[in-house]
Every structure is written in structure tokens, then in C-alpha cells.
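Those protein sequences? They're chains A and B, same order as listed. For the first sequence, the residue numbers in the numbering used here are 1 to 135. For the second sequence, the residue numbers in the numbering used here are 136 to 546.
If you are wondering where the hints come from, they were derived from the structure by calculation, not from laboratory data. Just so you know, these numbers come straight off a predicted model, no measurement behind them. Where hints are given, some of them may not hold.
As the list claims (entries may be wrong) - Taking CB as the label site, the calculated pair distances span:
| id | chain 1 | residue 1 | chain 2 | residue 2 | range |
| --- | --- | --- | --- | --- | --- |
| 1 | A | Lys65 | B | Ala364 | 36 to 42 angstroms |
| 2 | A | Lys70 | B | Glu372 | 48 to 54 angstroms |
| 3 | A | Ile66 | B | Gly519 | 37 to 43 angstroms |
| 4 | B | Gly519 | A | Lys92 | 52 to 58 angstroms |
As the list claims (entries may be wrong) - For lysine-lysine, the following DSBU-like pairs were computed, each having C-alpha atoms within a straight-line distance of at most 35 angstroms:
| id | chain 1 | residue 1 | chain 2 | residue 2 |
| --- | --- | --- | --- | --- |
| 5 | B | Lys151 | B | Lys469 |
| 6 | B | Lys450 | A | Lys3 |
| 7 | B | Lys450 | A | Lys110 |
Beta carbons are placed, not taken as given, at the ideal position from N, Cα and C, and that holds for glycine.
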Amino acid sequence: MKKPGKMLMEVLRHAPKKPATEMYPHVRPYVPERFRGRLDFIPGKCIGCKMCMRDCPSKAITINKIGDKKFEAVIDLDRCIYCGQCVDSCPKDALLMTTDFELAQLDRRKLKIVLKDAGNATDAKPEAEPEKPVA
Amino acid sequence: MSKVTIPIGPQHPALKEPARFCLTLNGEKIYEIDLRLGYNHRGIEKACEERTYIQAMYLVERVCGICSHSHSTAFIQAVEEIAGLQLPRRGLYIRTLIAELERIHSHLLWLGVAGHEVGFDTLLMYAWRDRELVMDILADLTGNRVNYGINTIGGVRRDVTPRQIERVTKAMDTFEERTKYYVQVATEESTLIARLSNVGKLCYDDAMRLGAIGPTARACGLERDARKADPYGLYGELDFKVITDKHSDVYGRAVVRLLELMESYRIIRQLCKGMPEGPIAVKAPRKIPAGEALSRYEAPRGEDVHYVRGNGTDKPERVKIRAPTLANLQAVAKMLEDNYLADTTIVIAAIDPCFSCTDRAVLLKKSRRRNEEPVLWNSLRDYGIAWHRKQGLDFGDMNRRFGRMMERSSR
Numbered sequence: 001m002k003k004p005g006k007m008l009m010e011v012l013r014h015a016p017k018k019p020a021t022e023m024y025p026h027v028r029p030y031v032p033e034r035f036r037g038r039l040d041f042i043p044g045k046c047i048g049c050k051m052c053m054r055d056c057p058s059k060a061i062t063i064n065k066i067g068d069k070k071f072e073a074v075i076d077l078d079r080c081i082y083c084g085q086c087v088d089s090c091p092k093d094a095l096l097m098t099t100d101f102e103l104a105q106l107d108r109r110k111l112k113i114v115l116k117d118a119g120n121a122t123d124a125k126p127e128a129e130p131e132k133p134v135a
Numbered sequence: 136m137s138k139v140t141i142p143i144g145p146q147h148p149a150l151k152e153p154a155r156f157c158l159t160l161n162g163e164k165i166y167e168i169d170l171r172l173g174y175n176h177r178g179i180e181k182a183c184e185e186r187t188y189i190q191a192m193y194l195v196e197r198v199c200g201i202c203s204h205s206h207s208t209a210f211i212q213a214v215e216e217i218a219g220l221q222l223p224r225r226g227l228y229i230r231t232l233i234a235e236l237e238r239i240h241s242h243l244l245w246l247g248v249a250g251h252e253v254g255f256d257t258l259l260m261y262a263w264r265d266r267e268l269v270m271d272i273l274a275d276l277t278g279n280r281v282n283y284g285i286n287t288i289g290g291v292r293r294d295v296t297p298r299q300i301e302r303v304t305k306a307m308d309t310f311e312e313r314t315k316y317y318v319q320v321a322t323e324e325s326t327l328i329a330r331l332s333n334v335g336k337l338c339y340d341d342a343m344r345l346g347a348i349g350p351t352a353r354a355c356g357l358e359r360d361a362r363k364a365d366p367y368g369l370y371g372e373l374d375f376k377v378i379t380d381k382h383s384d385v386y387g388r389a390v391v392r393l394l395e396l397m398e399s400y401r402i403i404r405q406l407c408k409g410m411p412e413g414p415i416a417v418k419a420p421r422k423i424p425a426g427e428a429l430s431r432y433e434a435p436r437g438e439d440v441h442y443v444r445g446n447g448t449d450k451p452e453r454v455k456i457r458a459p460t461l462a463n464l465q466a467v468a469k470m471l472e473d474n475y476l477a478d479t480t481i482v483i484a485a486i487d488p489c490f491s492c493t494d495r496a497v498l499l500k501k502s503r504r505r506n507e508e509p510v511l512w513n514s515l516r517d518y519g520i521a522w523h524r525k526q527g528l529d530f531g532d533m534n535r536r537f538g539r540m541m542e543r544s545s546r
């Protein structure tokens, strides 16, 4: 039957329900397990092969040698496109993606982070992600 | 009656992206339309040539924010064809699953946008609320709501767990119920039918002649679907129909998209049921052998064509992208002809345009003369300066003063 106001009942039915909008700053949003957030680096595992630098589409990661078999990762968070290719490319699982997504800064310089000490690697899990991708 | 020319764009509240439509009106009706693109050319094709295949894949994925998986799959398919890679079955299943989930998200997005353009914002709100569900599933499966990054040369990057498959199957029930409701709304709501019927008419012959693709063509009764015509991936084995409609107007395009959603749910159910065990990717070489390949992919908006030529190194020699919107723009000009000015926005929105995806290369020609020579960048700049000077605006003096000011402040 063709008549106007077809969605009226739907609207009324939803009127007493709570909003579908996410109440973000007040309520923490659900972040999926596989979310690709800020990069993390486990210096002890890095062998300095620089495969991550080679594959990074946006030249966001730099691995520097800071001592004998010691490496630091410099990550430009403003360049990073959060694709996670470096995590896939790393042969030693020295890189991993955290679920940290609140990365906005007022000062651009703060977006350049240097990860060199084991203590820096926050959220670092002893094992890499359970679903280790191929390739 | 004297004719009035109304420029819409490059920046206009009704347009989501910059494009210029110069409409010549005869009263309320559009008499002539002049369309100009090229405001968001990003040089992606050239940039691909300076990146390795893996890097180029992420760049190509960012051609479009909505059909990102379409572009990356079309590109990867071409690269895999050159490299002669045989994909594992499970990898193909996951790739197709993401492709169909993307179609759902894109079609629901369009439904909302179309509702908004005709002033039916209730539909926008509910369609987009339902779209959140598929976005969450995509985030769960791939790690991101947009730019999924699931593809890699030789397969996919992330496996799906049984829990996720269950979640997808369960969500399909909800979607089916919701889409049935939207189909009901679309076929019974008299205001919507009255607003969309006979708007932006494009007959079968014109659609054929102008090379319309995707839902725009299918709404004219033209059975044009790359999934059926040239099956890639798994589509040769799946059971689905190509939805066509005889309305040939914006209403028909809405119906086609809604019914296509139902087909997508059917495809996803088949994929979830038949998901085989096994590896998800094969190891791909870094250096892709010399060769060329053309890949066709049915994106939500229509057929997406990618051409890749490799020269034996780890970087492509040439990448050519034909986004679906480009094929439909000729049809838009035809649809707008002899239509009311007020229908412009919905007619343009009905092809689900994506102008920044379309902008590949721009060649301006001096068309007034017989010998069409291309206009070079410097001469275009000189032309611009001369044009402004003629209007009484000379920025030369201001530019010099500004330069001196900057010099002083840097000292």
C-alpha cells in the first residue's frame, strides 16, 4: 500500500531506545583485537635488517644502530599510515601494533617517537600477535 | 526566455568533493551542461612507479576511501597475474568476503546519502546506523574501518577465526531483515517514489552508447557486471544474480542497490559456509617479472579497471587506474539534460560519484583553435595572471611585498 510516513512507526519505536551514537570521550569505545594503532618496538629482538624501512609505504620508520647489536626505532607518527606492513615484514617479530589510537598532539614534534629501551615498549607482549600473518 | 548559466562548484555545499558543473538553464530546466574535472588530481599513478609493489598496493588502496578494497584487489589481481601466482583457496574466500562486506557498506552509505539529498534524513540516520554494524565487522576482521589493508601479493594478510565467521553469519540475519524493511520503504513510501521517479532518466540505448557501468547501467536494464561477465576470484563458482531494473531513473538505481544488498548477503552466506581450511597466502617474490596485465573488478559503483606493467624489477613500470565514476560521468550529463535544476544533486548523487578517485590526469587543450595543442603549466599560470590583471587585480606587487616581508622575518 503506497502511503507517506512509512518510516514513522520505526521512528516512534526507536524513540524510547538509547542513542546508537558512541559516547566516545565519556565511554571508552570498543577497540577490536586486530586494531592497527601506534607501533611498538622490542629492541632486544631487532637484528637491524631494515626490512621494515624498505617496505614502509610512507617512510615512517627508521632503524638506527646505537651500539653493538643495539638498535632504536624512530617512528614518525604523522607519516605513519597504520597499515602494519612493517609488522608483517619483520622477520624477528620485533615490531607490533598496539591498540593505542589516541595519538593527537598539539605539537608536531611530539609525533616523532624514539623507541630504544625495553621499558619504552609499552603494552609489549612476550609473544607476537596470535594470528601471525603469512608473507 | 533568456538563458542563465549557473556554475556549481568547484566548491559548493551540495558537492562532497570539488568538481565543476556549469549548468545553462532555460527557465527551470537544464539546457546544457559543461563538466570539468581535475580539481583533486593526486598523481597516484606516477607515484606508484616510484614505489615497490607492496608500497604501491597501500597507495592504490587509498585511491578511494569507500571502495578501497576494490582498488587494492584490482591492482593485486593484475600483479598476481604477471607474477603467475596461484592463490590458496582460503585466501580467495577471505578476499571475496571482504569485497562483499565492502559492497554492503558502500550501498548502505549510498542509500543514506540519497535519502539526505532528497530531504529524507530519517532514512539517512537509519541506513547509516545499520552501516555501523558492517563497519564494526570490517574492523574486527581486518583491523580498520576503512582502508582495510587485508590484501597482500599472493593472498591476504589476516586469517578469519570461526568466531568471526559466526559473527558475520549472525549479522547477515540482521542485515537481511533491515534491508527487507528498506525495500518495503522504497516501494511503499509514496513521497520517496514521487521524488525519485522519472528523475535523471537514462534509456537503455543511451546507457549502452555512453558506456554506463555499475548500478547506473543495471538500472537501465543493461546486464553489465564484471563479476558475471568476466568472473575473477571466486565469483565463477558462486551462485548469485545480476540485478537489473527497468525504471531507468534514480528510483531504479535505488531499487537495484537495495536488491544487490540482498544478493551480497546470499554471497556472504555461501562464503561463510564453504570456507575451506588451509593457508591464506603464498609467498610472493619481491621482483615481479616483466609483463603486463589488465584486471577488471566490480566495485560497488561499477567496473574498476587496473592496468599494470612490470619490467622485472620490484617497481611497476606503469600503473593505469580507471575508476568507475569516470565511466558514468558521460551518462550524468545526459541524465541532467532537460531536467529540473533542483534535481541536479540527486542525479549526480545517484551514480555514487567519487571525483577524487576519478582524477587521473588532466590535459587542457586550446579548443577554440583547429590545431589542439596542450596547454602547459607555465602558460596556464601566465594566462591566469593576465586574466586577473584584466579584471583589475594585480597580485604581482603584493607578492613582491609579501616576499620581502617573509625575508625580513626569517632574518
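Q) For the pair supplied as a hint, lysine 151 of chain B and lysine 469 of chain B, is the alpha-carbon distance within the 35 angstroms limit? A) holds (21 angstroms)
Q: State, for the Cβ atoms of lysine 65 of chain A and alanine 364 of chain B, whether the hinted interval 36 to 42 angstroms holds or is violated.
A: Hint violated: Cβ distance 54 angstroms, outside 36 to 42 angstroms.
Q: For lysine 70 of chain A and glutamate 372 of chain B, compare the CB-CB distance with the range 48 to 54 angstroms and indicate the outcome.
A: Distance hint for lysine 70 of chain A, glutamate 372 of chain B holds at roughly 53 angstroms.
Q) For the pair supplied as a hint, lysine 450 of chain B and lysine 110 of chain A, is the alpha-carbon distance within the 35 angstroms limit? A) Given pair lysine 450 of chain B, lysine 110 of chain A holds - Cα atoms ~33 angstroms apart, limit 35 angstroms.
Q) CA of lysine 450 of chain B to CA of lysine 3 of chain A, is that 35 angstroms or under? A) Not satisfied, since the Cα-Cα distance of roughly 59 angstroms exceeds 35 angstroms.
Q) Falls inside 37 to 43 angstroms, the C-beta gap from isoleucine 66 of chain A to glycine 519 of chain B? A) Violated, at about 51 angstroms.
Q.
Range first: 52 to 58 angstroms. Now tell me if the beta carbons of glycine 519 of chain B and lysine 92 of chain A are that far apart.
A. Since the Cβ atoms of glycine 519 of chain B and lysine 92 of chain A sit about 55 angstroms apart, the hinted range of 52 to 58 angstroms holds.
In summary, the structure is inconsistent with hints 1, 3 and 6 from the numbered list given earlier, while agreeing with the others.
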